[in-house]
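Trainee: Listed here are the chains, written in short residue letters.
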Amino acid sequence: MMALIEKLPADFLPSFLAGMAVNFEIAVISIVVGLALGALLAFGRLVGGALGGLAASVIALMRAAPTFVVMFFLLNAIPRDAELFGMPFALSGVMTVALSLVPYSAAYVADAAVDALRHLRGGTTLAALLFLPNVMRAFFVLVMSSSAGAAIGVTEGVTVILRQAEKLPALDDRLVLFAIGIVMFGIPLQLAFVLISFIQKRLSRAAVRAPAAGTPQSGT
Amino acid sequence: MCTSSRSARLARSTDVPRVRCLVRALVGTVAGALIAIGLVLSGAQAQVAGSPDAALERLLDAAREGMPGTCAQADADRLIRILCAKRIRIGVRDYYPLFGTRTGDKREGYEIDVGMAIGRMLGVQVEFVRVNAATRIPLLAEDRIDLVIATMGHNTQRDNQVRFIRPHYYQSETVVVGRRDLPVANMTDLPGRTVCVTVGNGSNAQLVSQGARLMLFDEAGVLPDRLKDGTCSLAAQDDSFFANYFKEPDFSAAFFPKFGFAQVPWGMAVARQGSEQLARAIDLIVQVFHRDGLFIDIARFHRVESAFLQVQQRVWRKPECNVDTGSTNPSCILPPLDAALKPTSFAPEVTAVESWAAKEAGIDLTLPMLKTAPAWSMFQEGVLNSLILIAGALIATFVLAVLFGAAMAARTILVRWPARTVTVVLQSSPIVLTLVIAAAIAHGMFPYSGTVALGAAIAALGLANGCNAGQALAEAVWSLRAEQGTEMARGTAPGVLRGGGLFARALGRSATQIVAFLINAAKGTPIASFIGAPELLSSLTDITSFASGRATTYSLLLVFYTVVVIIVVWLCGKLRIYLENRQARIEAGKVTA
Chain A
1 MMALIEKLPA DFLPSFLAGM AVNFEIAVIS IVVGLALGAL LAFGRLVGGA LGGLAASVIA
61 LMRAAPTFVV MFFLLNAIPR DAELFGMPFA LSGVMTVALS LVPYSAAYVA DAAVDALRHL
121 RGGTTLAALL FLPNVMRAFF VLVMSSSAGA AIGVTEGVTV ILRQAEKLPA LDDRLVLFAI
181 GIVMFGIPLQ LAFVLISFIQ KRLSRAAVRA PAAGTPQSGT
Chain B
221 MCTSSRSARL ARSTDVPRVR CLVRALVGTV AGALIAIGLV LSGAQAQVAG SPDAALERLL
281 DAAREGMPGT CAQADADRLI RILCAKRIRI GVRDYYPLFG TRTGDKREGY EIDVGMAIGR
341 MLGVQVEFVR VNAATRIPLL AEDRIDLVIA TMGHNTQRDN QVRFIRPHYY QSETVVVGRR
401 DLPVANMTDL PGRTVCVTVG NGSNAQLVSQ GARLMLFDEA GVLPDRLKDG TCSLAAQDDS
461 FFANYFKEPD FSAAFFPKFG FAQVPWGMAV ARQGSEQLAR AIDLIVQVFH RDGLFIDIAR
521 FHRVESAFLQ VQQRVWRKPE CNVDTGSTNP SCILPPLDAA LKPTSFAPEV TAVESWAAKE
581 AGIDLTLPML KTAPAWSMFQ EGVLNSLILI AGALIATFVL AVLFGAAMAA RTILVRWPAR
641 TVTVVLQSSP IVLTLVIAAA IAHGMFPYSG TVALGAAIAA LGLANGCNAG QALAEAVWSL
701 RAEQGTEMAR GTAPGVLRGG GLFARALGRS ATQIVAFLIN AAKGTPIASF IGAPELLSSL
761 TDITSFASGR ATTYSLLLVF YTVVVIIVVW LCGKLRIYLE NRQARIEAGK VTA
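The listed protein sequences correspond, in order, to chains A and B.
Counting in the working numbering, the first sequence runs from 1 upward without gaps.
Counting in the working numbering, the second sequence runs from 221 upward without gaps.
The hints are simulated quantities; they were obtained by calculation from the structure and are not laboratory data.
Among the hints, a few may not be true.
Simulated crosslink set (BS3-like; lysine-lysine; CA at most 25 Å straight-line) [what the hints assert, rightly or not]: (1) A:LYS167 to B:LYS448; (2) B:LYS467 to B:LYS326; (3) B:LYS448 to A:LYS7; (4) A:LYS7 to A:LYS167; (5) B:LYS448 to B:LYS467; (6) B:LYS538 to B:LYS562.
Same shape as in the complex, but just chain B:
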């Protein structure tokens, strides 16, 4: 029954189960007739010189002509290498429902079937290789795959990294999904909120620019689970990805697509170097697939939204597009999403350093924070805010230590006990919780901003460390009072210290503990990123969400903070020596209380 040319082609190329094929044939008598007519027409078109079909045939014939002699050539195009090996390596997603999933050894999805169809058009076996958003471009560059069909949006930024196949094979937009009861309706509701995203997603930069904090994941497949278990209150990903989940009643009842943005066409891609003929062949294949409606068939089979594909079919059936030059005709193809980031004035030098490190030292150094203007700006802002945060946390810790110390050393219990109670509460609160409470109160008083988050973080770090340092200071005051009492009882007291004199001596006595908590405050500052303070960790997380080089970036971050803390330790050491010397002078009677 399943013998119409169209159905046969789909069954061959996509391993469609026969049962489905039969059902389709039975219910689609009329459609089958139309398809048959279409195929007759498309078959006729294939005969027309200048058609994409004829161009593809010529290209493949030319590539096969020199074989097997050309197979051994080092500079052979990847198309020749594929034909020689009778195998094409295609990078696909492992866990992107409807488009590319894997259960054991079995892969299925829209992109898998498209990949199989391409393999059949080239007459070669298909070897699928797992890729994700972060690895799909590097694997192409490293010659570990020949072609990538992996939900990759085509933007101007990526145009410099890979050669995109034209026309595009799908189009999606990024959708922000959250619980139905979460009051988020558009971009203006995002500042201060955490959005879970996948590394390398082209729309991350747009979310960052709106003030959203990002939690990064390698695979989109984990996002629905993280929404369900509450790890993420919001997740941003292509609408195509969430489409499958919204078909589940439970998911649909709990979650809702809040809003969409960043419409982007999806492109297959090959390496920029050594793949000219391969790219040309796949351009032509994709053109034919659009014209013949193969993409629509595969999309329908996998229950993928096909509105875009239907529009594309109409385009590629137009006489001006259905020619071998159609894939370069601006009126036929879609432009990439304009996501090119303005490079810094010193970007070429940075790239040269990266190349030098790779060539001379074998170090994979990637410095995305220095190469584009927005990243450089975020990096500078992050460094400055981190230094402000550290200075603020140190000052707040010292000032609050003195205040808590004075209060807990007070002779009246009306001052002493409230201070002790607050100290016990602060000691019992994990620092993350203290930060969140400070941020909640601050945001209750002021509209959200990075400055408010910084202020809340300084207050929280100051309170958490200042109360402990203050306790040490108060204990020093009480111990000094006890010693003075004993000495007075023995009649050996040189003089009674009170007020400022006593306090200054207590500062010296508790210098070690105070310094320890000052250092701790400095070390704790990166946690401020948790409440959206725009310090360096936060900035670099944002930068790496839309650029590569995570390993280098976080290594540099670790070095930065470790060096800063070492400097703080050194400075605090000086402070401790000063306070201890001062105490020694007081005890020697050189400084009058």
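For reference, chain A alone in the conformation it holds in the complex:
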């Protein structure tokens, strides 16, 4: 372990932390866009009728679209000189990954928002507030899923680890490096889950049998 740490370049930790910042940046973009789109879809579903059916279909499609494939679709199907409303629409690597996570985040937000709005209508405000920890959970799922950017050369946390690993000839050293990466990703994630659990317990105690939104899946 110490031998490996000695082998790591001095700029490894700053590079890794900068990479993790990119993971968080991607997750922030995805959740913000997902919240906007998800809220619209949730209202659409609650309106019912044809609009509700359309919103439900869009949510189902978004839920089924694999992030990794969406990412490659955005990367390859959008021409480099594409324009949107007369403005250039060339996506950066970070934006490509962030937008590829939007179908997941929007579908998740829509589901959670529908639950929350139904609780609000039913008068169970505290149960509706479970929307917040659920969104927070989705955010951390997005942080972890943003590592898909490694496949298209985005310099996020996992990319930094993989680039360093490639320079290590011994499998043992590489596995130790991967373990360091897991610890670095694990610390904020597990802390977040503890916080979410704490918030949910407090809200659950306050709300009588307030059900949570569906189980979050990773955005892959």
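For this one, chain A is given, so just place chain B on it according to the hints.
Mentor: Same frame as chain A, now just chain B:
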């Protein structure tokens, strides 16, 4: 000082700075004398009937004869249109050091100067248009450029798409470049490794056939930067491209050309339709340029390797080649690289469908995976492997969910805590990292193969999703135990469930979460391409690296995976209903534990 015919011609045609011209004139007294003799000879040759010079003159005279009347003709050859407009549109690279670069409005490089020289020979202005490896052929077909001079290798595959100018104006080979300490020496070291390439490069198919994974880029110019920042550990591109970078001490100290392959002559090209006279004119111009050594002069000026050009000069000075029919003489011209892919038996029908879609619906549908035998084979293999991967990931997730659930529900902490620790570790690992770890361990145990990569991907996806589903299952077991304890304390327990009965009921209780993670496992399968599993995303990326139609291909890929996941969601819904109904029956006492 710069008044020798040769130097004057070069200065006129290539905008060579006068300072360089002067230096060259001073240090090249002897060479200048030889050049003067050569020019006298070449001038004399120009007078000879049957020489390429005379043929070019006749061709241009004939084209100008009907002007301006012929300018308005819809079916006029592009040569006439160029002469009428007094302008030729030439597609060139924007960022291909030594050959074609652009800084602001200023373009420079070997191909730029060759383009300027052609413009001067035709007596027209040159308008350069930016092209890249993927757009240079479509732009010709769409009549947005007249001629392409853009580092394009001449292969038999492209012969069907454009009319190549003969003779060729350069020759290169593809070289694989990587860090000096990277243990790669030849093609056999490539399986499992990612090689950064440009879309449309003719040698991509060869890399794919050797088991390399490809990361695609639109422009070659970004490859050195991606090597430097570590995005790419290996990059494949023409040696001519990397030549400039290896002149930089820093780049040369860090990187090394590991090996070369796929020698290919470079050709200028014009559209296949409506460019017969233009093609003929440029054939003759290029022939003259070779004979007179203009290509060598321009290459030396831009510090481009000129060994091939010197060989070509000798060829085109031969009497049998230095004639107006030289460009069709097989002993003078080079054959194209044989890269023609065997078409599928139904390729004509596919082409007909593409044409129909374009004509009737205005849809630019391109289906490269159906048109050539290797692409079709890779496509079928990709679909099959994707289905195997999805089925494997679902089974692995369910089996591991049960195992993790049982372990985390165990009453002894010797089983429970290790399982919880593994779960926390797996939850903390981004899925890409989990896949890479699984692949590293698998490749440490077995030699690299697509099957090993598939197996590693199934294990990684199963572990990542199975541990979460198992946690939900264990929580259901513990909640059932707690409920039973409460009921027993109240004396209202109908009976105590243990072992399999308890577990079956817990499965029903946690069905929603288990199904959610099964769906997630199915959705995650395309990530397996990251570790080289030969599934559909991987196959289509390989196909599009040497064929056109990226937009259609990736759209179809998205549809394929979305439909497959919808089917998995439907099947998992059935499973959830079955498990929940089973739980309901157990609770109703219809099923004996």
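Trainee: Against this structure, judge whether each hint is valid.
Mentor: Outcome of the hint check:
Between LYS167 of chain A and LYS448 of chain B the alpha-carbon distance is near 13 Å, which keeps this suggested pair within the 25 Å criterion. Distance restraint check for LYS467 of chain B and LYS326 of chain B: the Cα-Cα separation of roughly 23 Å lies within the 25 Å cut-off, and the hinted pair is therefore satisfied. With a CA separation close to 19 Å, the supplied pair LYS448 of chain B and LYS7 of chain A stays within the 25 Å bound. The suggested pairing of LYS7 of chain A with LYS167 of chain A holds, with an alpha-carbon distance near 10 Å, which does not exceed 25 Å.
For the hint pairing LYS448 of chain B with LYS467 of chain B, the CA-to-CA distance comes to about 15 Å; that is within 25 Å, so the pair holds. This hinted pair does not check out: LYS538 of chain B and LYS562 of chain B have alpha carbons roughly 37 Å apart, beyond 25 Å.
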